[in-house]
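S.K.: Chain by chain, the residues:
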Amino acid sequence: MGTELKSDSIIELLKRFLETDEGAEIKKKINLVYQFNIAPKKIGVNEVIYTVDLKKGEVTKGPYEGGKPDATFSLKDDDFFKLANGQLNPQIAFMRGALKIKGSLSAAQKFTPDIFPKPAKL
Amino acid sequence: MAMRDLVTGGAACAVSDTSSSSSNPLGALANALIGSSSKTQERLNEAPVSTPATSVNGFYQDTPDPMRGLPGAEFDHSLSQPNTQGSEFLRGFRSPDQNRFSDAWEEIHHSRFLPPQPNIPQFNQTPSAQLQPTMDGSPQTVLSSFLHSFIGSSHGRIPFCPTNLPMLGLSQGDKKCIRDRSSIMARHLFADQSEDYINAQVNALLSSLEIDGSVPAQGPFPRRLWELEEYWNESQGPLRTGLQANDRWIEEFSQHKAQRDDPDAWAHSFEQQYGANGWVSQFEQEQKVASMGQMRHANVSNMAAMEQTHMLAQTLAQNNDPKFQNSKFLQFVSKMSRGELIIDDNQVKPATLSSNGDWTTQYQQQYGGSSWAEEYVHDQLSHRPDQWVKEFTSGDQSKLVDDQWINEFSKLHVNDWVDEFGQQVEGAVGESSTDNWANAYDEYLNEQAASRQQSDASRGVYVFSDMNPYVGHQNPLKEGQELFRKGLLSEAVLALEAEVMQNPDNAEGWRLLGIAHAENDDDQQAIAAMMRAHEADPANLEVLLALGVSHTNELEQAAALKYLYGWLRNHPKYRTLAPPGLSDSLYYADVARSFNEAAEMSPEDADVHVVLGVLYNLSREYDKAITAFETALKLKPQDYSLWNKLGATQANSVQSADAILAYQQALDLKPNYVRAWANMGISYANQGMYEESIRFYVRALCMNPKADNAWQYLRISLSCASRNDMLESCDSRNLDLLQKEFPL
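Here the protein sequences line up with chains X and C, keeping their order. In terms of full-length UniProt numbering, the first sequence is residues 1 to 122. In terms of full-length UniProt numbering, the second sequence is residues 1 to 744.
Please keep in mind that the hints were generated in silico from the structure rather than gathered at the bench. Careful, some of the hints might be misleading.
To be verified - Reference excerpt, derived from the structure (chain X facing chain C, CB under 7 Å, subset only):
| id | residue |
| --- | --- |
| 1 | Ser-9 |
| 2 | Arg-16 |
| 3 | Phe-17 |
| 4 | Glu-22 |
Even glycine gets a Cβ: it sits at the ideal position worked out from N, Cα and C.
Kindly generate the complete structure, drawing on both the sequences and the hints.
M.R.: As structure tokens, this is what we get:
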């Protein structure tokens with residue numbers, strides 16, 4: 001529990017969200033496969049990998065198995081959290097080197113904070 | 001290559017371009033190439049010149065001496081003909097440094113062999129079928145086939161004949177574009193021909209299209225010279241104060257000119273650095289992106305500049321020589337061609353004009369942040385730049401390469417010209433997704449300012465408001481409690497801040513302040529305040545629970561678990577349930593078990609169920625969490641924060657419709673509950689009802705303009721609802737306007 005990432009919650013929320021009608025809309029809109037390599041502290045170290053398949057509307061732990069993801073993002077847990085919340089703009093993250101991108105840049109460009117549902121606050 | 005044309009073309013743009021753009025991209029391009037990457041400039045000029053300029057072409061011999069035809073040629077005594085372009089270039093920029101520059105230039109020429117002997121270019125002598133343009137069909141077709149015929153003329157080595165065309169109805173922009181592009185293209189196509197020949201060809205084309213060709217076709221005008229000089233001087237200024245790249249270059253050059261032993265070294269080292277195919281794949285990958293956003297916000301002259309470099313890049317890319325493929329120069333050109341880099345003053349800058357330019361910025365910054373030129377110059381030090389020059393100029397040593405150049409230029413995919421243009425014009429209309437990526441710079445700046453504050457708060461440092469009217473109030477705590485009770489959260493915050501400034505150890509002041517912040521939807525500040533309350537009163541259960549909740553909201557699981565466990569340990573009734581010594585290494589399962597025991601022990605205690613509900617939120621067992629909150633609500637139906645917790649849990653388990661009902665309950669009990677308003681917005685947004693969500697966010701923000709999360713969410717909803725027109729008022733936090741636009 002102590003090693004849980006903030007991203008886990010966001011990813012979980014996204015997973016549930018993708019099962020809804022609105023999630024299906026996102027799927028239709030993006031229709032790409034993203035892979036996220038989320039590092040607790042430092043990019044490339046102890047990464048937790050998630051595959052967000054916005055073609056099928058599935059979120060799975062581990063690298064994408066259906067070939068090559070359209071884009072792979074490597075970033076820190078905190079930055080992922082900020083990104084999903086709209087606190088951090090993907091380009092800015094990229095600019096600062098906080099977000100590394102592999103794969104197609106046009107696919108990467110479609111990755112915006114609005115694909116993530118926002119967590120409600122207790 | 002024909003940099004002069006980029007230069008003159010650029011000036012032409014400035015002269016004729018009366019559009020909004022006050023800058024001159026082409027001039028700037030040339031300017032920066034000169035200012036910050038003199039060496040490239042050199043190469044750029046060198047390359048085509050090194051190809052045989054004295055073709056045995058019959059037509060060519062009829063043309064007058066190109067030297068005489070070139071304006072300003074009277075100054076040009078010492079340089080031999082194939083160097084015309086380069087020396088022209090140098091003369092064009094009559095800089096203070098001109099002499100040093102020219103010296104270096106002449107060094108190159110005099111130290112190397114005589115002008116290359118004519119290598120008869122192996123052009124395919126295939127008189128193209130396209131030579132006779134089709135004259136009927138739509139203006140588009142006519143223009144297209146006409147341009148093809150122009151291009152075709154380069155294959156056949158037949159001078160292009162002016163033709164009478166039907167009215168094409170070209171706009172000024174079109175004309176300018178064609179004029180600029182054809183000037184550049186002609187230099188590609190007729191790289192082995194004289195300036196005059198090229199000018200004649202271009203003029204023939206332009207006159208057929210009824211375009212005033214005089215501007216680009218004849219050499220520099222005073223105005224242009226003046227302008228270029230301006231640019232040049234401008235570009236010199238910063239350089240001087242900076243690294244003096246220019247001088248360095250010349251020095252380096254002289255240092256290295258003696259060591260031309262291994263012509264491949266430079267290229268090899270690039271190859272080692274970047275891998276043989278690295279560039280190519282990169283280019284392919286980004287090509288798509290570039291073409292999408294490239295033309296979006298670019299003005300016509302930008303387009304021309306980009307197109308020109310694009311052509312160059314394509315040509316170069318076709319060269320299969322790995323040395324070539326890996327050169328940074330090529331990368332630079334290709335970037336420029338995709339509009340990723342523009343040139344301003346003396347700096348290579350990412351294209352901030354175009355919507356996808358931000359990616360470029362990032363790319364470039366990642367690349368090392370320093371200007372490309374600097375990098376380039378730096379590389380030169382170790383990579384012996386002159387080899388490159390030598391390789392392509394000394395025909396006897398590497399004739400093969402020479403031929404390649406010729407072939408490349410003749411193979412130019414000129415047909416793309418027409419097609420591409422059409423595509424890009426189309427592309428400029430669609431694709432709204434790129435809009436989201438615009439404005440990133442502004443955001444970046446805003447964020448920079450905001451992040452300083454935020455980082456303080458996130459470190460748990462409480463950030464006090466400026467200008468607090470309650471400072472000096474007789475009893476700010478009482479006032480704060482009163483305001484809080486009335487639901488005036490932001491006012492209560494101020495009063496309570498005044499209180500804790502007076503009495504920093506007042507646990508109740510801090511606690512209520514924390515609660516007010518939480519209800520105001522600001523968990524960072526809530527945590528900061530609660531930490532102070534916790535310091536003052538470590539056993540306060542409400543504080544511990546609040547800290548657990550706020551950390552849960554911030555997805556800080558370990559911290560949340562710590563405080564929730566602290567709640568159990570400090571509870572007079574349940575502390576026995578908490579196994580001691582656990583606090584160092586907490587396991588969720590252990591904590592949850594203890595709480596379940598507590599709940600069994602006293603099922604009538606609403607608080608236990610509340611904590612349990614929060615715990616289940618942590619583990620994302622939302623169904624259990626919902627049950628726990630519902631149980632608690634049966635015991636405490638008037639607790640608005642409980643209704644909100646229930647709603648939030650339902651929302652997080654994607655039961656947005658139920659969540660809205662719960663929030664409604666909370667708001668009925670406490671109309672100024674900012675958190676519930678914001679949560680409402682979230683629920684609507686998650687259901688794709690962006691317009692509604694905006695109204696709720698705006699409502700929440702009217703009550704607490706400091707709720708940063710709500711601002712961010714509002715921004716996302718605005719762009720999702722295609723209300724980009726209101727983004728600005730969001731960024732400037734203009735609530736009056738937003739409220740007017742989105743009343744609830």
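S.K.: Please go over all the hints and tell whether each is borne out by the structure.
M.R.: How the hints compare with the structure:
1. For Ser-9(X), the interface hint holds, since its Cβ comes within 7 Å of a Cβ in chain C; the closest pair sits about 5 Å apart.
2. Below 7 Å, beta-carbon pairs count as interface contacts, and Arg-16(X) has one with chain C at about 4 Å; its hint therefore holds.
3. Against a cut-off of 7 Å between C-beta atoms, the interface hint on Phe-17(X) holds, since the closest Cβ of chain C lies about 6 Å away.
4. Interface restraint check: Glu-22(X) against chain C, minimum CB-CB distance 4 Å, threshold 7 Å, status holds.
The structure agrees with every numbered hint stated previously.
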